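**Q** Chains as they are written, first to last, in the working numbering: chain A, 1 to 238; chain H, 1001 to 1189; chain Z, 2001 to 2540.
Don't read these hints as lab results, they were simulated from the structure. As the structure is a prediction and not an experimental result, all values here were calculated from the model. Accuracy of the hints is not assured; some may be wrong.
Said to hold, decoys possible - Computed cross-link-like contacts, EDC-like style, restricted to lysine to aspartate or glutamate with a CA-CA straight-line distance of at most 20 Å:
hint, chain 1, residue 1, chain 2, residue 2
1, Z, Lys2496, A, Glu53
2, A, Lys59, Z, Asp2416
3, H, Lys1010, H, Asp1061
4, H, Lys1179, A, Glu83
5, H, Lys1115, H, Glu1140
6, A, Lys4, A, Glu23
7, A, Lys131, Z, Glu2452
8, Z, Lys2496, A, Glu90
9, Z, Lys2497, A, Glu23
10, A, Lys26, A, Glu70
11, A, Lys80, H, Glu1181
12, Z, Lys2496, A, Glu55
13, Z, Lys2478, Z, Asp2410
14, Z, Lys2487, A, Glu16
15, Z, Lys2474, Z, Glu2486
16, Z, Lys2014, Z, Glu2130
17, H, Lys1086, H, Glu1140
18, Z, Lys2474, H, Glu1140
19, A, Lys19, Z, Glu2311
20, Z, Lys2474, H, Asp1152
21, Z, Lys2018, Z, Asp2075
22, Z, Lys2102, Z, Asp2075
23, A, Lys59, Z, Glu2489
24, Z, Lys2497, A, Glu83
25, Z, Lys2257, Z, Glu2005
26, Z, Lys2257, Z, Asp2011
27, Z, Lys2298, A, Glu160
28, A, Lys80, Z, Glu2486
29, H, Lys1084, H, Asp1032
30, Z, Lys2487, H, Glu1147
31, Z, Lys2146, Z, Glu2133
32, Z, Lys2146, Z, Asp2271
33, Z, Lys2316, A, Glu160
34, Z, Lys2497, A, Glu55
35, Z, Lys2146, Z, Glu2267
36, Z, Lys2126, Z, Glu2087
37, Z, Lys2256, Z, Glu2133
38, Z, Lys2487, H, Asp1152
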Amino acid sequence: MSVKTLTINNTPVAAEEGKTILEAAKEAGIHIPTLCFLEGVSTVAACRMCLVEIEGINKLLPACVTQVTEAIVVHTNTPKLQEYRRMVIELLFAEGNHVCSICVANGNCELQNLAIEVGMDHTRFPYRFPKRSVDVSHPQFGIDRNRCILCTRCVRVCGEIEGAHVWDVAQRGADAYIVSGLSQPWSEVEACTSCGKCVDACPTGAIFRKGTTTAEKQRDRAKLQFLVDAREKHEWTR
Amino acid sequence: MTKDKEQMTKIKFATVWLAGCSGCHMSFLDMDEWLLELANYVDVVYSPIGCDLKEYPAGVDVCLVEGGVANQDNLELIHEVRAKTKTLISFGDCAVTANVPGMRNMLGGSEPVLKRGYLELGDVTPQLPNEPGIVPELLEQVLPIHELVSVDIFLPGCPPDAARIRATIEPLLKGEQPKMEGRAMIKFG
Amino acid sequence: MDLSELLKIGDREKKQQKSIRVHCCTSTGCQAANSLSVKNNLANAVQELGLSDRVEVVGVGCMGFCGRGPLVQIDPEDILYEVVTPEEAPSIIDALSGGVAKPIQGNSQHPFFARQMRIVRQHTGKVDPERIEEYIAVGGYQSLYKVLYEMTPAEVVSEISKSGLRGRGGGGYPTGLKWATVAKMPGDQKYVICNGDEGDPGAFMDRSVLESDPHLVLEGMVIAGYAVGANHGYIYVRAEYPLAIQRLQKAIQQAKKYGILGSQIFESPFDFKIDIRIGAGAFVCGEETALIQSIEGKRGNPVPRPPYPAESGLWKCPTLINNVETLANVATIIHQGADWYASIGTENSKGTKIFALTGKIRNNGLIEVPMGISLREIVEEMGGGVPDGEVKAVQTGGPSGGCIPASMLDIPVDYDSLSKIGSMMGSGGMVVMDRATSMVEVAQFYMQFCREESCGKCVPCRAGTVQLYSLLDKILNKQGTQADLEKLETLCHMVKKTSLCGLGISAPNPILSTLRYFPEEYQELIPAESLNGKVRHGSS
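My request is simple: use the sequences and hints to build the entire structure.
**A** Pasting the structure below:
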C-alpha cells in the first residue's frame, strides 16, 4: 500500500492511499466539521459542511469523499469556508422548525453544536415554518420531521447496517421528507426490527425514543461503529 | 451637583417584553446582586420589571427585547423601540428565532390559531375575541424581531442564563462590544 | 449483412421512391396542430387525383419552422407550405397537376433556412423516421460499417478527438477525450448511455432529433460502443417524449432485424444492444450521475464526482455518457472525416449547434447553425427580430444559463464566448426577450424552476433556491432593501460554490447575469425610503 503526503492547513500529513481528506485530517488532529457524515455507513456528501479548498482546484471539494492525492495543499478553515458553513447552518435552521428549547436533543444535538461552532447567533434567512408531520405510531420510537435536516443517516444506517431499509426519501427539493416503508405509519412497516439504530444515528432530535423529553436524548453512537468493526474487522468485543 | 453629574454618565437602559413567556426577564432577575451593581451604571427608563413608565422614551442607549413579534401592539412597539434606541439587543430565543410562539406559524395564519384556541377549545362560550383598539390583532405570523427591524446584538438562549446576560451587558457599560461566540454565549435552547 | 447488401437496400428504396415526395411533418409540434389529418388528406388526394405513380406523401420529422406548423414541403422543387389545415391540404396535391394551392406558401430561401448548416439535422424533414430503409437510402449505417471493417477502436477515438466535437448537452466537454478515457479504462463490461432527458424550459432539440432521425442516434451509439469497448447501450428518454420513445423502439427493432444491432453486427465479431429507459419526470435526471442512479433503479439523486462515470458509472462500470445531439454528430464525422468537421466553427468550438429559438421573436423553431455565428445573425436575420419591438436580451442555456443584453448581440455563439460573459451554450434553449420583459421576473421564473426541480439532497440547492426565490419575490413586491440585494448576491455565490451537482451550481446564473447586465431593474424595485432608514427590514 502506498502512502501519500499532503499538506493540510500548513501541516504536512501522510495518509494511506485511498483514505479521504477527512480521515487524513482526523489522524493529524485537524478538525473538519461534518453533519451528514457518519462513521460506518456510506458517504453522500450532501450537507457540504466538510467542503475544503485545494490549491489549484477551482472547485470546493467535500473532504468526506475526496481521496488524498500526492502533494495536494488543503485548506480547511479559510474565511470563505467559514462563511459558507455558517450559511449552510443558517439555511438549515430557517428551513425546518428547530425549536431547541423543547427538543429532546437540546444540549446533545449536532446541528445545535455546529451552530455554535460556526458562530451562528441568528439566521439571516427568513424562517420558512413548513408544515411537517410527526409519526409516533411506533411503540418505542417517534419521528418528528420538523427537526429533520435530511442528512439521510437513518436511511443509510437502516439499509446498510441493519439491512432493513425502512427509511427512504420521498418527494424532492424543499418538499423532500423521510418516509417509512411505502409511506406507511412507522408501526405498520413490517421490515422495521425496532433496533433503534436510526435513533442513534440521527444527529438531531428528529428520531427519538418515546418517553424522553426535553434534553433527554441519549445516543449509543459507539454501537454503530462496533457493529461495523465486528463485521469488517472481526473485532467482537466493545 | 455630584448627583446630576452621576446621572448624566448613567446610560439609559430599557427592557421590553413582546411575545414571550417572560422567562428571559426572570433570568435577568437571576443576576441577583449584580443587579445592584448594574443600577450604578444605568437608569432603567422602561421595563416591565424595572419601572412603571408606560411610554417608551426617546434616547435609550441599550434595550433588551424579549419575545417575538406576534400582534399589532408588538409590531408598533418594536418599530418605536428601534427608532428610539441606540443598541437593540434581541434577547432570548423568541426574539431571535420566534421559538415557541412561532410554532403557531405552522398552522398557517392567525385565523386557524384563533379558531383552534377560542372556538374548538372554547369550553363555555366559544367566541372569537373582537375588541378593536383594546385586544390587539394577531399578525399572520410570529416573527423574530430582526425580520422587522435591524438588531445590533443577538443574545440567544431559552432563556439565556444570568451569566450570559451579564457577559453581554457588562462590556456595553464600558463602551465595549460583547463577544457573542462559544457555547456559553450563543447556544440556542 | 455486408456492405453490398446494405447498399442494395438503399438502392431498392431509392428506386421505390416516387419522383415527387410530399413531406408532411409528423413531429410532436405539428402533430399537436393536427398534421396527421393533413397527412391523411394529402394521401387521399393523391389517390383521388390518380397521381400515385409519381407522387407519394411521406410523414417526416421536424422541419424546424415549428411556429408555422403544420408544415408541408415538396421535393424536388422545394416548395414549402405553412400552417396547412386538413381542409386546405388536398389543394396542395391539386397544385401539382395545375391547380392552385390554398395554404400560405413559405419561403424556403428565407434566412431562417438559408443560414442554417445542417449536419445533425441533415435528413430531418426528408426521411420517414419510422422506416430504416429511408435512412439507409441516404447513406445510413455506412459509417458504422466503415468503423467495424476499416478502423480500429483507437482510430475511431482519435478521429472523434481530431474533429474537435464537444458535448452538446451543455458542458462542452471534449467528446474525444471522454471516449478515450472510457476506452482506456480496464474492465470487461462498459456501457454507453445516450442522455435524452432534455428538460430545459423551451428546449426541444433532442426531442426533434429523436423523433426525426432516430437511426442517426443509434448509429452514433453503436460506433461509440465499438470505440470504447462497450457492448450495451442505454437511451434515457424522458417520459414526456412519448413519440420519441415510440420511434426509438421501432428504430431499434428494425435495426435488429437487419443485423445492425445485437450480436455480430454486420457479421463482425462486435455485439451491441440498446435498451431504452424512460425517465419519470425529474429534471435532475439529466445530470449524468443522477441519470445513472435512475437507470440502476434508484432514486435519481446526483452523487459526487469524482469518480466520473468514465471511471465508475453504471453499475460501477466505466460508462460513456453523451447527449443525443453529440451522438448524432458521430456518423457524419466518420463519413466526412474529422478534418472536414474541424473546418466548421471556431478554434475551440467545432461543428454546428441546434438551438430552439423561442420567445418574443418572429420566426421561432429549431435552427442548426455553425459555431461562431453571431447572436445578432440568429436573432435578427434568421429569427426576424422581435415583432413590433426591440430585443432587450437573449437567454441561453436554460435555467443554468444567463441573459445576454442586446448590446452584446454581436458576440459569436461558441462555448468560450458565451461562458466568458456569464451565460453558457447549454443544451440549446434560446429565449428572446423584448423591452417589455422584466428581467427580475425572468430571473424569478428560472429560480422557481430550479427550486421545484432540486432533488433536495444537498443543503445549498434544496434550501438556498427556496431562499433565493423568496428574496426575488420580496424584491418584486417592492419590499426589498439594499441589504436584500446584497444578500441575494451573497447567497447566489454560496449556492454556486457549494452545491453538489450542476443543477445547484448553475441555478444562480440567471440571477447573477441579470444582476450584472440589468442592475437598474433591481434598483428600480427597491423603495426609496429604504435608503434613508425609514423602513428597516432585517439586519446584516
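**Q** Indicate, hint by hint, whether the structure satisfies it.
**A** Outcome of the hint check:
{"no.": "1", "hint": "Lys2496/Z with Glu53/A", "verdict": "15 Å, holds"}
{"no.": "2", "hint": "Lys59/A with Asp2416/Z", "verdict": "19 Å, holds"}
{"no.": "3", "hint": "Lys1010/H with Asp1061/H", "verdict": "10 Å, holds"}
{"no.": "4", "hint": "Lys1179/H with Glu83/A", "verdict": "18 Å, holds"}
{"no.": "5", "hint": "Lys1115/H with Glu1140/H", "verdict": "13 Å, holds"}
{"no.": "6", "hint": "Lys4/A with Glu23/A", "verdict": "13 Å, holds"}
{"no.": "7", "hint": "Lys131/A with Glu2452/Z", "verdict": "17 Å, holds"}
{"no.": "8", "hint": "Lys2496/Z with Glu90/A", "verdict": "17 Å, holds"}
{"no.": "9", "hint": "Lys2497/Z with Glu23/A", "verdict": "23 Å, violated"}
{"no.": "10", "hint": "Lys26/A with Glu70/A", "verdict": "18 Å, holds"}
{"no.": "11", "hint": "Lys80/A with Glu1181/H", "verdict": "18 Å, holds"}
{"no.": "12", "hint": "Lys2496/Z with Glu55/A", "verdict": "19 Å, holds"}
{"no.": "13", "hint": "Lys2478/Z with Asp2410/Z", "verdict": "34 Å, violated"}
{"no.": "14", "hint": "Lys2487/Z with Glu16/A", "verdict": "42 Å, violated"}
{"no.": "15", "hint": "Lys2474/Z with Glu2486/Z", "verdict": "13 Å, holds"}
{"no.": "16", "hint": "Lys2014/Z with Glu2130/Z", "verdict": "16 Å, holds"}
{"no.": "17", "hint": "Lys1086/H with Glu1140/H", "verdict": "29 Å, violated"}
{"no.": "18", "hint": "Lys2474/Z with Glu1140/H", "verdict": "17 Å, holds"}
{"no.": "19", "hint": "Lys19/A with Glu2311/Z", "verdict": "18 Å, holds"}
{"no.": "20", "hint": "Lys2474/Z with Asp1152/H", "verdict": "23 Å, violated"}
{"no.": "21", "hint": "Lys2018/Z with Asp2075/Z", "verdict": "10 Å, holds"}
{"no.": "22", "hint": "Lys2102/Z with Asp2075/Z", "verdict": "18 Å, holds"}
{"no.": "23", "hint": "Lys59/A with Glu2489/Z", "verdict": "19 Å, holds"}
{"no.": "24", "hint": "Lys2497/Z with Glu83/A", "verdict": "12 Å, holds"}
{"no.": "25", "hint": "Lys2257/Z with Glu2005/Z", "verdict": "14 Å, holds"}
{"no.": "26", "hint": "Lys2257/Z with Asp2011/Z", "verdict": "18 Å, holds"}
{"no.": "27", "hint": "Lys2298/Z with Glu160/A", "verdict": "15 Å, holds"}
{"no.": "28", "hint": "Lys80/A with Glu2486/Z", "verdict": "16 Å, holds"}
{"no.": "29", "hint": "Lys1084/H with Asp1032/H", "verdict": "28 Å, violated"}
{"no.": "30", "hint": "Lys2487/Z with Glu1147/H", "verdict": "13 Å, holds"}
{"no.": "31", "hint": "Lys2146/Z with Glu2133/Z", "verdict": "18 Å, holds"}
{"no.": "32", "hint": "Lys2146/Z with Asp2271/Z", "verdict": "16 Å, holds"}
{"no.": "33", "hint": "Lys2316/Z with Glu160/A", "verdict": "18 Å, holds"}
{"no.": "34", "hint": "Lys2497/Z with Glu55/A", "verdict": "15 Å, holds"}
{"no.": "35", "hint": "Lys2146/Z with Glu2267/Z", "verdict": "13 Å, holds"}
{"no.": "36", "hint": "Lys2126/Z with Glu2087/Z", "verdict": "24 Å, violated"}
{"no.": "37", "hint": "Lys2256/Z with Glu2133/Z", "verdict": "13 Å, holds"}
{"no.": "38", "hint": "Lys2487/Z with Asp1152/H", "verdict": "18 Å, holds"}
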